[in-house]
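Throw the hints in and build the complete structure from the sequences for me.
Chains A and B are the protein sequences, given in the same order. If you count the first sequence from 1, position 61 lands on 60 in numbering that gives the first Met the number 0, and the numbers rise without skipping. If you count the second sequence from 1, position 3 lands on 2 in numbering that gives the first Met the number 0, and the numbers rise without skipping.
Check each hint, because a few of them may be wrong.
[Said to hold, decoys possible] Mimicking SDA-like on lysine to any residue, the simulated pairs with C-alpha atoms at most 20 Å apart in a straight line are:
| no. | chain 1 | residue 1 | chain 2 | residue 2 |
| --- | --- | --- | --- | --- |
| 1 | A | LYS226 | A | HIS191 |
| 2 | A | LYS130 | B | LEU23 |
| 3 | A | LYS130 | B | PHE16 |
| 4 | A | LYS130 | B | TYR17 |
| 5 | A | LYS130 | B | TRP87 |
Note that these hints are calculated values from the structure, not bench results.
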Amino acid sequence: MPPAVLSVTGLRKAYGRVVAVDGVSFDVAAGEIVGLLGPNGAGKTTTINMVLGVLAPDGGAVRIEGLDLGARRSEILERTNFAAVYSPLPGNLTVVQNLRVFGMIYGVRGLTGRIEALLGEYDLARFRDAKSGVLSSGEQTRLSLAKAMLNQPHLLLLDEPTASLDPATAREMRARIRTFAAQGGGVLWTSHNMHEVVEVCDRVLFLSRGRILLEGDPRTLPGDHGKASLEELFITVAREPLSLESA
Amino acid sequence: MSPLSPRRIAAIVLRHFYLVRGSLSRVFPLFVWVAIDMVLWGFITRYLATGTTFRFSLVTALLGAVLLWDFQARVMQGVTMAFFEDVWSRNFLNFFASPLRVAEYLAGLVLSSIATSAVGLVVMLLVATAAFGLSFAAYGALVVPFLLVLFLFGIALGITGSAVVLRLGPSAEWFIWPIPAVLSPFACVFYPLATLPAWMRPLARLLPPAYVFEGLRAVVAGRAAPLAPLAAGAALAAVDIVLACLIFRSVHRYAVRTGLVARYAAESVS
Chain A
0 MPPAVLSVTG
10 LRKAYGRVVA
20 VDGVSFDVAA
30 GEIVGLLGPN
40 GAGKTTTINM
50 VLGVLAPDGG
60 AVRIEGLDLG
70 ARRSEILERT
80 NFAAVYSPLP
90 GNLTVVQNLR
100 VFGMIYGVRG
110 LTGRIEALLG
120 EYDLARFRDA
130 KSGVLSSGEQ
140 TRLSLAKAML
150 NQPHLLLLDE
160 PTASLDPATA
170 REMRARIRTF
180 AAQGGGVLWT
190 SHNMHEVVEV
200 CDRVLFLSRG
210 RILLEGDPRT
220 LPGDHGKASL
230 EELFITVARE
240 PLSLESA
Chain B
0 MSPLSPRRIA
10 AIVLRHFYLV
20 RGSLSRVFPL
30 FVWVAIDMVL
40 WGFITRYLAT
50 GTTFRFSLVT
60 ALLGAVLLWD
70 FQARVMQGVT
80 MAFFEDVWSR
90 NFLNFFASPL
100 RVAEYLAGLV
110 LSSIATSAVG
120 LVVMLLVATA
130 AFGLSFAAYG
140 ALVVPFLLVL
150 FLFGIALGIT
160 GSAVVLRLGP
170 SAEWFIWPIP
180 AVLSPFACVF
190 YPLATLPAWM
200 RPLARLLPPA
210 YVFEGLRAVV
220 AGRAAPLAPL
230 AAGAALAAVD
240 IVLACLIFRS
250 VHRYAVRTGL
260 VARYAAESVS
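Below you can see the structure in the form of structure tokens.
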């Protein structure tokens, strides 16, 4: 088993009496793509926000490449990056300006060359001087993914990264992320598209009410629980989590 | 604790440079309002001086005070405007989920403010000198501590204002714009501290600008340079900056604890 890029132990977060994440533990190995699945409000985004250091856990620990996020946040986040559907890059900067500013923040060496390479890879070259805010949602998503790849991260966090992409572009992006993992990067991926999850993820974690309910290979997990597909299993997790807990 | 990264600080400044360079609506406010203020107060000063004999130069005392007060307001707004750009573009998650540290972010805002407020200062000086004969030479070397104290206090106000908006949300920016106007009666911009009623004087003494404007009037009236009070004003301003940074750090920690940073962008902390 390759070493864990991300190791989450006993993570807990409550908002008043509402427990959003309740003792979640999991690892993401180098080269592995792990899907974090669950219905709305299950605690996926809360978990990702804690791994990104923008939300302090009430308990538990996040370690990235063996380093404690709470103690060495800036150093760790230089090797991490993310793209989230709800966090577009500033719309008042152009595509190249955004990539340059974030490249400097992430300490990217040979930044000009890296930007040019990403503009080509993510089909953004023709928009290089366009304000990011006027791009279509799919183009903005490609820009967010390009920004997420700027620093060639060891850990990539993707919160519904293909939500606004057309099927052809989404397939291309999935291929890029699989290539990224094949080169040794770890990926934590949330998606509501179960076909995509089956295609991309090596392993999935089903979250329900802040806890990990199921874990396993997305291709065999449905059969293990008497379901025909991952989508059917997802619906069961969303509607009848207790039936799976007791199984 | 590792040292601050100049590269990350430069990224914040570069971001603001890109925004200002590409937008007339951001370039104009750097100098238009202060230029209008100079013209307005220049004429008021000229009118007040008509037919009246003062023992001192009204231009140096009154128009100079307006210029210095406007400079401080520009410094404050230089910080808050750079911060508001991140509020308006919902950029907190991108910045605060990156290696960028709070101190680096604040340093970037301050450096941006130095650049933008310097533009305002130069324009005000040009207008006040060319149109109304104001000369900074009348203040002698004291103009340096005058500007320094006001700069430091403007930075402290800007950082505190940014913390308030981070804590209370985007609509709280309307608490921030009037701050210079709210403070001006206590700062004794246009009149000596002794003019204030007794209950206002202790508050005025807590404000560094009050020492600057008392000093300015002393110099214009030909009295000895008030070095000790100015040093007290500078010390107060330095303390205010430290307090402002502590307030911002505390609010940021609160925002990370409660999920406010994520909600600023996501509105969906599940």
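Here's how the hints hold up against the structure:
1. LYS226/A / HIS191/A: 17 Å, holds
2. LYS130/A / LEU23/B: 15 Å, holds
3. LYS130/A / PHE16/B: 15 Å, holds
4. LYS130/A / TYR17/B: 11 Å, holds
5. LYS130/A / TRP87/B: This hinted pair holds, its Cα atoms lying about 15 Å apart.
In the structure shown, no violation is registered for any of the earlier numbered hints.
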